[in-house]
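Asker: Sequence:
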Amino acid sequence: MIFSAFERTVAFRYLRAKRKEGFASVIATFSFLGIMLGVATLIIVMSVMNGFRQELMSRVLGLNGHLGVYASRGAVLTEYQELADHIREVNGVNLVMPLIEGQVMVSSDRAAQGAVVRGFVPHDFLRRDMLRNSVVAGNVNSFFEKNTVLVGDRLAQKLGIYVGDELTLISPKGNVTAFGTIPRMKSYTVGGTFSVGMFEYDANFIFMQIEDAQNFFNMDSSVTNLEVYLDNMNLVNKAQKSIRQKVGDAFKIYDWQRSNAAFFNAIQVERNVMFLILTLIIVVAAFNMISGLIMLVKDKGRDIAVLRTMGATKGMIMRVFFISGAAIGVLGTAFGVFVGLVFCANIENIRQFLQNLTGTDLFSAEIYFLSKLPAEVNPTEVVMVVVMSLVLSFGSTIYPAWRAARLSPVEALRYE
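Quick note: the sequence shown, position 169, residue 158 per my numbering, numbers continuous.
Rather than coming from a laboratory, the hints here were simulated on the basis of the structure.
Check the hints yourself; a few may be wrong.
Claimed, not checked - DSS-like mimics (lysine-lysine), calculated; alpha carbons at most 30 angstroms apart, straight line:
1) K162 with K175
2) K287 with K303
3) K135 with K162
4) K147 with K135
5) K287 with K162
6) K162 with K147
7) K241 with K227
8) K230 with K241
9) K175 with K135
10) K147 with K175
Said to hold, decoys possible - Derived Cβ-Cβ restraints for the label pairs, each shown as a range:
11) P111 with N335: 34 to 42 angstroms
12) V258 with W391: 37 to 45 angstroms
13) L22 with Q43: 53 to 61 angstroms
Beta carbons are placed, not taken as given, at the ideal position from N, Cα and C, and that holds for glycine.
All chains should be built: construct the whole structure from the sequences, respecting the hints.
Answerer: What follows is the structure, given as structure tokens:
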């Protein structure tokens, strides 16, 4: 046994309040709460940052391909079917989707605003689970009907339109006539609304058949780019090199990491900074523990002297106070992990409760892009937080325990 029964008994006795000796226990309680809150806060924030990054990544990769193939010269890809067939031969390619994307002005009887139109091949649209399952009103099969569009639910709310209503699309690139440029306008029926969980898409995007998009943008059997989906996102670099060898240098190829590098790098930097800042909570709690144990040593000076005269060694006294500090650290860390995991498991319900209680929006979709607060617990990070907390807790006990062991019985009893 590393610690004897005598050492454990004395150590835990010193942590309990009794008569006028409760001040040291109050300090121990605050040290415990500091460590618990530090560990719980660190786990919660890191889990939210992980969930935020994972949700954004899944949304981005669900709506955009791992790779995008564009024309090196000009704005459109002609003879794209042959190009798509060549790309499909590359190992690891799961799907190649021809896509038309263009900016429009969309108007209804109530409002008007800018939007982005995306034209898909209907069968390719249904093969993407995120796109197919995002339809929340109307019928996804309406996507096969001519002159029918799917509108983001937030965009539909702004325009005041519902399934079955009509909206008008106005292209900034109009038809050139002898009297000048006339804006290109066309009315479409709203076949359904979709919600992919990202504010940017739900508030600004309109989906339609690729043939309708070609007619509207006057592109005649052309597309703006090809979206390439892979079996595994980790194969991006390898697949990009293979596609480059297949199609040559006549096309530009962008991967999702390059297209969204600034955004995801900003999230990673914020995550690292938050980790460092919140770690200071545990450090402060550790310093609080040091001051509390030093006060405990001062308070128990007479007891230490009596124990020393009864035969207790310096090592025993040192282990007594080490156990006292370690107990605070272990219990604080354990309760912190429990609170953090429970909070992460119910974080969306807690957010809704706090919003209803305060009457404020705590997670605005306009700012954070997502409509729900995500949290994904990483076991490795939890273990790292636990180890860091225990190391700081154990380390903070060394100096007070060493100081208690050095206390001379003669000096402690001189004025008693």
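Asker: Hints first: check each against the structure and report whether it holds.
Answerer: For each hint, the structure was consulted:
1. K162 with K175: Within the cut-off at roughly 13 angstroms; holds.
2. K287 with K303: 16 angstroms, holds
3. K135 with K162: With Cα atoms ~22 angstroms apart, K135 and K162 stay inside 30 angstroms; holds.
4. K147 with K135: Status holds; Cα separation ~24 angstroms.
5. K287 with K162: 82 angstroms, violated
6. K162 with K147: 24 angstroms, holds
7. K241 with K227: 16 angstroms, holds
8. K230 with K241: At roughly 12 angstroms apart (the allowed maximum being 30 angstroms), K241 and K230 satisfy the hint.
9. K175 with K135: This hinted pair holds, its Cα atoms lying about 13 angstroms apart.
10. K147 with K175: 20 angstroms, holds
11. P111 with N335: 34 to 42 angstroms: With a Cβ separation near 40 angstroms, P111 and N335 satisfy 34 to 42 angstroms, so the hint holds.
12. V258 with W391: 37 to 45 angstroms: Roughly 40 angstroms apart at Cβ, these two residues keep to the hinted range, so it holds.
13. L22 with Q43: 53 to 61 angstroms: 31 angstroms, violated
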